[in-house]
Amino acid sequence: MQRLQVLKETFFGLDVVKQRILIGSAVAAGGLLAYMMSRSRKVKTIPLGEGWWGAGEKPLSEDQKIYPFTVQTSDKEIEDLYERIDRTRYTDPLEDSRFHYGFNSTHLKKVVSYWRHEFDWKKQVAVLNQYPHFKTRIEGLDVHFIHVRPPHRENQKVLPLMMVHGWPGSFYEFYKILPLLTQNHDGIAFEVICPSIPGYGFSEASHKQGFNSFAAARIFLTLMERLGFSQFYLQGGDWGSLITTNMSQMKPHCVKGLHLNMCMSTRGFKVLLSLMIGPYLPFLVGFSREDVRRLFPFFEKNVYSILRESGYMHIQATKPDTAGCGVNDSPVGLAAYILEKFSSWTDMKNRDLVDGGLERKFSLDDLLTNVMIYWTTGSVISSMRFYKENLQSNPDNRVDAKTGIFVPTGLAAFPDELMHTPKSWAQIRYRDIRSYTFMPRGGHFPAFEEPQLLANDIVQFVKKVEKF
1 MQRLQVLKET FFGLDVVKQR ILIGSAVAAG GLLAYMMSRS RKVKTIPLGE
51 GWWGAGEKPL SEDQKIYPFT VQTSDKEIED LYERIDRTRY TDPLEDSRFH
101 YGFNSTHLKK VVSYWRHEFD WKKQVAVLNQ YPHFKTRIEG LDVHFIHVRP
151 PHRENQKVLP LMMVHGWPGS FYEFYKILPL LTQNHDGIAF EVICPSIPGY
201 GFSEASHKQG FNSFAAARIF LTLMERLGFS QFYLQGGDWG SLITTNMSQM
251 KPHCVKGLHL NMCMSTRGFK VLLSLMIGPY LPFLVGFSRE DVRRLFPFFE
301 KNVYSILRES GYMHIQATKP DTAGCGVNDS PVGLAAYILE KFSSWTDMKN
351 RDLVDGGLER KFSLDDLLTN VMIYWTTGSV ISSMRFYKEN LQSNPDNRVD
401 AKTGIFVPTG LAAFPDELMH TPKSWAQIRY RDIRSYTFMP RGGHFPAFEE
451 PQLLANDIVQ FVKKVEKF
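Residue numbers for the sequence shown follow the working numbering, so the first one is 1 and each next one is one higher.
Hints may be right or wrong, so weigh each one.
Unchecked claim - DSS-like cross-link-like pairs, simulated, lysine-lysine; straight-line CA separation at most 30 Å:
hint : residue 1 : residue 2
1    : Lys44     : Lys464
2    : Lys176    : Lys65
3    : Lys44     : Lys402
4    : Lys341    : Lys176
5    : Lys65     : Lys157
6    : Lys58     : Lys76
7    : Lys109    : Lys361
8    : Lys123    : Lys176
9    : Lys467    : Lys423
10   : Lys349    : Lys109
11   : Lys123    : Lys109
Claimed, not checked - Between beta-carbon pairs, the in silico distance windows are:
hint : residue 1 : residue 2 : range
12   : Asp329    : Gln156    : 48 to 54 Å
13   : Arg398    : Ser97     : 47 to 53 Å
14   : Arg431    : Glu154    : 23 to 29 Å
15   : Phe438    : Gly326    : 37 to 43 Å
16   : Pro47     : Glu154    : 42 to 48 Å
It should be emphasised that the hints constitute simulated quantities derived from the structure, not laboratory data. Beta carbons: idealized from backbone N, C-alpha and C, even for Gly.
Required output: the full structure, derived from the provided sequences and hints.
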């Protein structure tokens, strides 16, 4: 009764035009609901497909063994880095520009000075090697991954979990969350596999055009099968979100649960309707007060803000090799290009700071280690190509955009993520959401920024699925 009274008062408090819009929208929504209820609940899949991404012709057979891998460096590699850093040519920033024009060169000089004189790459290589690394050949590519098992404990259920990074991140994003996931959580612990997307870091890049999220998903499914896992959990954000979603669409019977810290909603009438009604009567369209706070004003928070931050995407989705040429040749250019994302994508308000707020959540050692993974492998161009391969055509017309996801799903909505997706929008595609959490803090790189928060949410989601 109280809600009805609120509804009544809110409705009659609107002007005549908005009342008519709401009435028309409600009628249309009723028809849409009837249509949705009549649709089949049959679990659908997307084709697994096949591919060969190695150089030359596909051989008759492929080595399927898994080999240990060790990250290495040399004095020559480090000397080359220092020589290039020393030859850097800087441009003075505009007065009071802070990070609004990109990485402020005044602060960049301070970061580069630390990189040149204090950062110890050999020490960080030892840090990288603290977890077991492996490579295996799949579809013509040497695929790199780390595989971390929990300590043996009595009465402990060990669950396999693959975590997939995005751009401009790497497997190193997960180093702080690994010890949290492999510890015992009331009888549950995780065996974690973190692959490098082909073309990123230590995974070989495709030699042929067309390597997209479907190819990455299929390769990672093969990897899990090769490791002996018939069922497993998946976790991802950024490109990792799309890849793990595709894995769940290709082989839903293998995926016990899918946990995402970023997901994109489909467009359509339901979304349009909720944008019209949501600011005034949020509960009618499944919005919470927090959804309203994060979404509106919509154009400022979800259109203009994205336009200000997505210039890189348009370049990488069209001419990645041209833009990549400079950053692949200049370590300082590469650092500026990558680290600017770790500033603004962690918190957009960091653009107002002269130092970009980089060390509020990260250490320079951690940030530069991620940069060095791109630098020493020369993988920034191949990582940028992933945008072109996935955005060659309208993403809404892809088969995965037209196919639901039916595996148990958990969503962690971080407040400083690039875009907010309400649960009611996510349910359009993800049909079995078991957990949706408004996270108290954090942005686009939660495993790197807030490992404990992300680990806790993964654990609570898995416990719901496992009925612990």
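Each hint tested on the structure:
1. Lys44 / Lys464: holds, 24 Å
2. Lys176 / Lys65: Satisfied, since the Cα-Cα distance of roughly 29 Å is no more than 30 Å.
3. Lys44 / Lys402: It holds: about 10 Å lies between the C-alpha atoms, which stays within 30 Å.
4. Lys341 / Lys176: holds, 19 Å
5. Lys65 / Lys157: holds, 27 Å
6. Lys58 / Lys76: violated, 35 Å
7. Lys109 / Lys361: holds, 20 Å
8. Lys123 / Lys176: The hint holds at about 17 Å.
9. Lys467 / Lys423: Holds - the C-alpha atoms of Lys423 and Lys467 are around 22 Å apart, at most 30 Å.
10. Lys349 / Lys109: holds, 22 Å
11. Lys123 / Lys109: holds, 23 Å
12. Asp329 / Gln156: 48 to 54 Å: Holds, at about 49 Å.
13. Arg398 / Ser97: 47 to 53 Å: violated, 39 Å
14. Arg431 / Glu154: 23 to 29 Å: Given range 23 to 29 Å: violated, Cβ gap about 38 Å.
15. Phe438 / Gly326: 37 to 43 Å: holds, 40 Å
16. Pro47 / Glu154: 42 to 48 Å: For Pro47 and Glu154 the Cβ distance comes to about 43 Å; the hint holds.
In summary, the structure is inconsistent with hints 6, 13, 14 from the numbered list given earlier, while agreeing with the others.
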